[in-house]
Amino acid sequence: MTTSAAQSLRSAEAQSASRSKALQLLGILSGFTAGAWLGAAEAPTKLVSIGISPIAISLIMVTGVFLARWSLPALILGTSSVRADVRRAPHLIIWAVLAGCLWAVANTLTIFAIRDIGLSIAFPLWNSNSLLGIFWGFLFFNELRQAGWRRWTGVLGGALVMCAGATLLAIASSTQGPGGHSFRGVWAALGAGVLWGTMYIPYRKAYLTGMNPLSFVTFFTFGEVGMMSALAIGYTGLAPLWRELLSARGVIFWLMLGGFIWVIGDLFQQYAAKYVGISRGIPLSNSNQLWGLLWGIFVFGELRGRSSSTYLQVVGGSLLMMLGVVAVAFSSASGEEQTRWKEAAQREGRRYGVAADYVEARMDGRQAADESAHSRSLWDWLLVAAASAIFVVFAGMARVPQMSFDGGPAALLTAALLLLLFISALALWRTTRFN
Amino acid sequence: MDTTDNPKANSSWLVSVLTDVQFWVPVAVLLVGLLLLRSID
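Line by line, the protein sequences are chains D and P. The letter at position 261 of the first sequence is residue 261 when you use our numbering, and the numbering goes up by one with no holes. The letter at position 17 of the second sequence is residue 17 when you use our numbering, and the numbering goes up by one with no holes.
I should point out that these hints are in silico values taken from the structure, not numbers from a laboratory. Quick reminder that beta carbons are idealized off the backbone N, C-alpha and C, glycines included. Check the hints yourself; a few may be wrong.
[Stated by the list, open to error] Per label pair, the in silico range of CB-to-CB distance:
#1 D:S309 <-> P:T19: 50 to 58 Å
#2 D:T310 <-> P:V27: 41 to 49 Å
#3 P:L35 <-> D:A22: 38 to 46 Å
#4 D:A230 <-> P:S12: 24 to 32 Å
#5 P:L35 <-> D:A164: 27 to 35 Å
#6 D:S404 <-> P:T19: 51 to 59 Å
#7 P:S12 <-> D:W381: 30 to 38 Å
#8 D:G301 <-> P:T19: 32 to 40 Å
#9 D:V400 <-> P:S12: 48 to 56 Å
#10 D:I233 <-> P:L35: 13 to 21 Å
#11 P:T19 <-> D:A411: 18 to 26 Å
[What the hints assert, rightly or not] Chain P stretches covered by chain D per the calculated footprint, using a threshold of three residues with CB under 8 Å from any CB of chain D:
#12 12 to 24
#13 32 to 39
[Claimed, not checked] Below, a sample of chain D positions facing chain P; criterion: calculated Cβ distance under 10 Å:
#14 V105
#15 M227
#16 H374
Hey, can you work out the whole structure from these sequences and the hints?
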């Protein structure tokens, strides 16, 4: 080999390593931003205090989610990008719908779990989904293979420490006692954890075969809204459900807004799953509980007048959550592990007949050479306008409830959210053009 | 664990999905979740 050939090989290897490091950092940043936005999604729902059934609340939130899952991708890349992705990997429609169904059933189970055993016991049980995600990532997608004991300790230890922190926070923030059906509630919470942990199999499957997260969520939401509607009608009946929705006109906007904010968090969670895998992406985005508690304490005054031991639990739980996040964030995948990810991606590509160069380019956060640039059409703008109009109509009907609300901390937290959104979106755009 | 290796190129993506072991894991979990929900209710 000549000296110049050796130099160019070394330069290519250095470029590849640098690109890989940038994508890992992007995934970690996305996971952290996901936690902040998923946690903030709880804020609008706290404004809802009238007696609507939990299933109706879920259904209205999912409706907001549905609108956001179509309008945001149309706004960011255009639906032509979604269509192009589906043409390349049509099998992922089934996977996305399946993931949406898993989410809806898990969400309904959490309602029963909170009712029967209270949030303090239920939350840590379903938060175990991150441990199951690590297991599926290792078993099916070569995650944490050849990762070394330090990374294993960082990821698994970090996830366990976060579970312990989540337990403390849940105990501190719990205001609801057990409802007398503890056995049933424990099963419901564990079931939700298993369903959510398994939901990440379709996520990883999609991103290993190159699908853009913005395309995946548009089909995910059909499973989500379809299953949630079926459950709501099944549990409540069509006519009573309709009457309940009519009587809830004044709060529909707040619930749909919660769904909209949740989608922004979920989009970053999808990018985290894509660039750092599910074993690291899920624990990072599970930091949402910490953010939810910040809103609860500082904006809605939830722990006002509680004992000093409660505040100690909050401080201890928050520190543990942050420690876990740091441990996972500093355990990014090594070159050897990423080679194993690529092997899993090639296996998926072969199985589903997806072009190898497309899979490789998308895993690298790029467009394939034969892909044309996507643009927004009139249809995309109409979609965005229609979704915005629906929100505006319900905002016109919305009532502002009389409740404890501190505007200063709300403004600070909102500024922090917007800053994180700006930094992460800019990083995603510069590094991957949202691929 | 390599559960999806398939040397023959599948002509139909639907067949590829239905013969993928990894597909049946979430399907089974979903069915168990629905049964659990029914039994709880």
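request  = Could you see if the CB distance from I233 (chain D) to L35 (chain P) stays within 13 to 21 Å?
outcome  = holds, 19 Å
query = Is the gap between the beta carbons of L35 (chain P) and A164 (chain D) within 27 to 35 Å?
reply = With a Cβ separation near 31 Å, L35 (chain P) and A164 (chain D) satisfy 27 to 35 Å, so the hint holds.
Outcome of range test on Cβ distance (T310 (chain D), V27 (chain P); 41 to 49 Å) = The hint (41 to 49 Å, Cβ to Cβ) holds, given that T310 (chain D) and V27 (chain P) are roughly 43 Å apart.
query = Per the hint of 38 to 46 Å, is the separation of the Cβ atoms of L35 (chain P) and A22 (chain D) within bounds?
reply = Given range 38 to 46 Å: holds, Cβ gap about 45 Å.
ask   = Taking a Cβ-to-Cβ distance below 8 Å as contact, does the region 12 to 24 of chain P have at least three residues touching chain D?
value = holds (count 7)
message = Quick check on a hinted range of 18 to 26 Å for T19 (chain P) and A411 (chain D), using CB atoms only.
response = violated, 54 Å
ask   = Can the suggested window of 24 to 32 Å be confirmed for the beta-carbon pair A230 (chain D) and S12 (chain P)?
value = holds, 28 Å
message = Given a hint of 32 to 40 Å, does the C-beta separation of G301 (chain D) and T19 (chain P) actually sit inside it?
response = For T19 (chain P) against G301 (chain D), whose Cβ atoms are near 56 Å apart, the range 32 to 40 Å is violated.
Outcome of range test on Cβ distance (S309 (chain D), T19 (chain P); 50 to 58 Å) = Hint holds: Cβ distance 56 Å, inside 50 to 58 Å.
key: Restraint satisfaction for H374 (chain D) [CB to CB of chain P, less than 10 Å]   = Given a least distance of 23 Å, the restraint on H374 (chain D) is violated.
ask   = Is 48 to 56 Å a correct range for the gap between the Cβ atoms of V400 (chain D) and S12 (chain P)?
value = Holds, since V400 (chain D) and S12 (chain P) (Cβ atoms, about 54 Å apart) stay within the stated range.
query = Close enough to count: is the Cβ of V105 (chain D) nearer than 10 Å to one in chain P?
reply = It holds, given that the least Cβ distance between V105 (chain D) and chain P is near 4 Å, below 10 Å.
The structure shown violates the earlier hints numbered 8, 11 and 16.
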